[in-house]
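Residue numbers (our numbering), protein chains in the order written: chain G, 1 to 314; chain W, 315 to 538.
Source of the hints: derived by calculation from the structure; they are not laboratory data.
Watch out, some of these pointers could steer you wrong.
[As the list claims (entries may be wrong)] Label-pair ranges, simulated between beta-carbon atoms: (1) W:V470 - G:D168: 47 to 55 Å; (2) W:R427 - G:S114: 32 to 40 Å; (3) G:R157 - W:R418: 45 to 53 Å; (4) W:K317 - G:D247: 28 to 36 Å; (5) G:N134 - W:E403: 30 to 38 Å; (6) G:P245 - W:L397: 27 to 35 Å; (7) W:M315 - G:D168: 39 to 47 Å; (8) W:E387 - G:I163: 30 to 38 Å; (9) W:N318 - G:M215: 44 to 52 Å; (10) G:S194 - W:I319: 40 to 48 Å.
[To be verified] Below, computed lysine-lysine pairings styled on DSSO-like, alpha-carbon distance capped at 27 Å: (11) G:K20 - W:K400; (12) G:K151 - W:K396; (13) W:K383 - W:K400; (14) G:K178 - W:K375; (15) G:K150 - W:K354; (16) W:K337 - G:K233; (17) G:K151 - W:K354; (18) G:K151 - W:K384; (19) G:K233 - W:K421; (20) G:K233 - W:K396; (21) W:K504 - G:K151; (22) W:K337 - G:K20; (23) G:K162 - G:K186; (24) W:K375 - G:K233; (25) G:K301 - W:K504; (26) W:K351 - G:K233; (27) W:K400 - G:K186.
[Stated by the list, open to error] Covered stretches of chain G, as calculated for chain W (at least 3 residues, CB under 8 Å): (28) 6-19; (29) 54-62; (30) 74-83; (31) 100-106; (32) 116-130; (33) 227-236.
On a predicted model such as this, the values are computed, not experimentally measured, just so you know.
The beta-carbon is built from N, C-alpha and C at its ideal position, and this holds for glycine as well.
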Amino acid sequence: MSDNYFEIIRPGINTTFQDKGRDHLYHIGIPFSGAMDNRNYLIANKLVNNNLDSAIIEFAYQGPHLKYTGGKINFAITGDVIFIIKKGNTEIEGKCYESYQIENGNEINIISTSKSVYGYLALGGELDINLQWNSCSINTKANIGSNNGKKLDTGQRVNLKKINLNKDIKKTNYINTKIENIRVIKGTNFDYFSEEGKKIFYEKEFKVSKLSDRMGMRLEGPKIENIVNTNIKSEGLIKGVIQVPADGNPIIMLSDHGTVGGYPKIGVVASVDYDRLVQMAPGSKIKFKETNLSDAETLFKLYEMETQNLLSQI
Amino acid sequence: MIKNISNLGDTALYCDFGNEVNKSINSQVIKYFKTIKEKKVKGINNLTPSYNKLIISYDLKQTNFNEVKKNIENLNVETSLKLNTKRIEIPVCCHESLSLDVKRLVKILNLNRDKILENFLNKEYFCYMTGFIAGMPFLGDLNENMRAQRLETPRVKVPKGSVGLTEQFANIYTFESPGGWNILGNTPVKVFDSSLEDEPTLINPGDTVTFKEISLDQYKNYNE
Chain G
1 MSDNYFEIIR
11 PGINTTFQDK
21 GRDHLYHIGI
31 PFSGAMDNRN
41 YLIANKLVNN
51 NLDSAIIEFA
61 YQGPHLKYTG
71 GKINFAITGD
81 VIFIIKKGNT
91 EIEGKCYESY
101 QIENGNEINI
111 ISTSKSVYGY
121 LALGGELDIN
131 LQWNSCSINT
141 KANIGSNNGK
151 KLDTGQRVNL
161 KKINLNKDIK
171 KTNYINTKIE
181 NIRVIKGTNF
191 DYFSEEGKKI
201 FYEKEFKVSK
211 LSDRMGMRLE
221 GPKIENIVNT
231 NIKSEGLIKG
241 VIQVPADGNP
251 IIMLSDHGTV
261 GGYPKIGVVA
271 SVDYDRLVQM
281 APGSKIKFKE
291 TNLSDAETLF
301 KLYEMETQNL
311 LSQI
Chain W
315 MIKNISNLGD
325 TALYCDFGNE
335 VNKSINSQVI
345 KYFKTIKEKK
355 VKGINNLTPS
365 YNKLIISYDL
375 KQTNFNEVKK
385 NIENLNVETS
395 LKLNTKRIEI
405 PVCCHESLSL
415 DVKRLVKILN
425 LNRDKILENF
435 LNKEYFCYMT
445 GFIAGMPFLG
455 DLNENMRAQR
465 LETPRVKVPK
475 GSVGLTEQFA
485 NIYTFESPGG
495 WNILGNTPVK
505 VFDSSLEDEP
515 TLINPGDTVT
525 FKEISLDQYK
535 NYNE
């Protein structure tokens, strides 16, 4: 038993432990998983002075309500998140991208993400959770990772192995930019689609469907017509792949995706836009914009430099 | 041999070994997969072998498409190498309570139940790949007269252990999962065990699998 722990009063909709994810396991059917929005994951850890690859609490839409027992501890929340900190009879509205110090009996109530999907709660120290294949990341579909691969539930405790308290409050002025245009690279079955279908893909607007989760994002909109074959022999997938099944509605593979699939691939989301893609909530409008491999590589390099720059300023 | 290498997005190589599905092409894929896995090429963080393709994923922070492609093209893969593979017997119970789609198969295949089981059981199947969900093996090939299409409407929940058929392939649902394969029986064997981190999958690409029928009693008592 740990002396320092958070008790979950309300778990939220899809609250899990995540880190950088696990690799080298596609061949047995296990995807990377890990924090969906990598940049916000890293910033949260940095704000509480954790190692950047530390385990963190990820939530979607409504977050958890937690009550703390133990010695003083820092926490920080990133994303576009509305939350309340309760200290005795005082309630204050928290700000993202700022670290806080709380003590025994205090509560963190994460009300919701605002016009986005994922938020991150970093606790200053080390969570007492088990790893599977070197990662705590919970994959609820395969029940892999810490917490027996299940999302966090009411009444359970999040124990801390270690606390690293910082006296100074850290903050950064980061703003999550929203984008409507998601850059994509042509998929390996791009030519399976009619000229009209290709045009629709690049020129029309799609809407993010409610049937979206950590595995995939389904889109609704004009149908994309396939003129070759609506099935291919199953082959490997990666995150960001946009498959179009027979019904003509695209599905984008996200971090917990099935590792092989048999639907034609019309495109793949450029890595530079992945963090922002996953934050697009159901109902958001989305448009695809064509890019090529070499531009996508350059854009990612710039994005990565920007991330490093942001982290170095904290 | 790899016929063509292209990019899948900006974080993977798409290695195409051909369009046919057969043991000889698949064995080439598996040999490349095993060689690359052992060589630990810089930046490569995942490999996905399938029937006739190999996807090589890499970390774009460490490397890029051209660099990985060059490394793969210069790789010496001993394609005449004999694969070190296993023969595995999988007990399967085809009692009507577990054989969820047998009636549908009787209708589609125009064979009676006994004939379907006779055609399916005690034959050797080759494992082409594992995936979709953790540890699920894709086995083939089924007899020509045993090939049925997927269910028109996939099940929301296929029970764990279900043995399913689609086209020339059989598989085993390692978890309860949505799915559209025709379910012929269920195995009590743990085909995927995440507590065994070094070897969580019982069946791996290149292995040979034979299904042996067990009774409902044997099925129920199997794990006791």
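- Task: Starting from the hint 30 to 38 Å, judge whether the C-beta atoms of E387 (chain W) and I163 (chain G) obey it.
- Result: Because 51 Å falls outside the window, the suggested range is violated.
- Verify the coverage statement for the segment 54-62 of chain G against chain W, using a C-beta to C-beta distance below 8 Å and requiring 3 or more qualifying residues. With 0 residues close enough to chain W, the hint is violated.
- Honestly, do S194 (chain G) and I319 (chain W) meet the 40 to 48 Å range at C-beta? violated, 27 Å
- Within a Cα-Cα threshold of 27 Å, do K233 (chain G) and K421 (chain W) meet the stated pairing? Answer holds: K233 (chain G) to K421 (chain W) is near 25 Å, not above 27 Å.
- Item | D168 (chain G) and M315 (chain W) - C-beta distance against the hinted 39 to 47 Å | violated, 60 Å
- Message: K178 (chain G) and K375 (chain W) were given as a pair; does the straight-line alpha-carbon distance stay at or below 27 Å?
- Response: With Cα atoms ~23 Å apart, K178 (chain G) and K375 (chain W) stay inside 27 Å; holds.
- Is the straight-line distance between the alpha-carbon of K351 (chain W) and that of K233 (chain G) 27 Å or less? Judged against 27 Å, a Cα distance of about 23 Å means the pair holds.
- Task: Could you see if the CB distance from N318 (chain W) to M215 (chain G) stays within 44 to 52 Å?
- Result: violated, 30 Å
- Query: Regarding P245 (chain G) and L397 (chain W), is the given constraint of 27 to 35 Å on their beta-carbon distance met?
  - Reply: At roughly 34 Å between Cβ atoms, L397 (chain W) and P245 (chain G) fall inside 27 to 35 Å, so the hint holds.
- Query: Hey, K383 (chain W) versus K400 (chain W), does the alpha-carbon distance stay inside 27 Å?
  - Reply: violated, 31 Å
- Query: Has the given pair, K337 (chain W) with K233 (chain G), been kept, meaning a C-alpha gap of at most 27 Å?
  - Reply: The hint holds at about 14 Å.
- Message: Within 32 to 40 Å: is that where the Cβ-Cβ distance between R427 (chain W) and S114 (chain G) falls?
- Response: violated, 57 Å
Of the hints listed earlier, those the structure fails to meet are numbers 2, 7, 8, 9, 10, 11, 12, 13, 15, 17, 18, 22, 23, 24, 25, 27, 28, 29, 30, 31, 32, in rising order.
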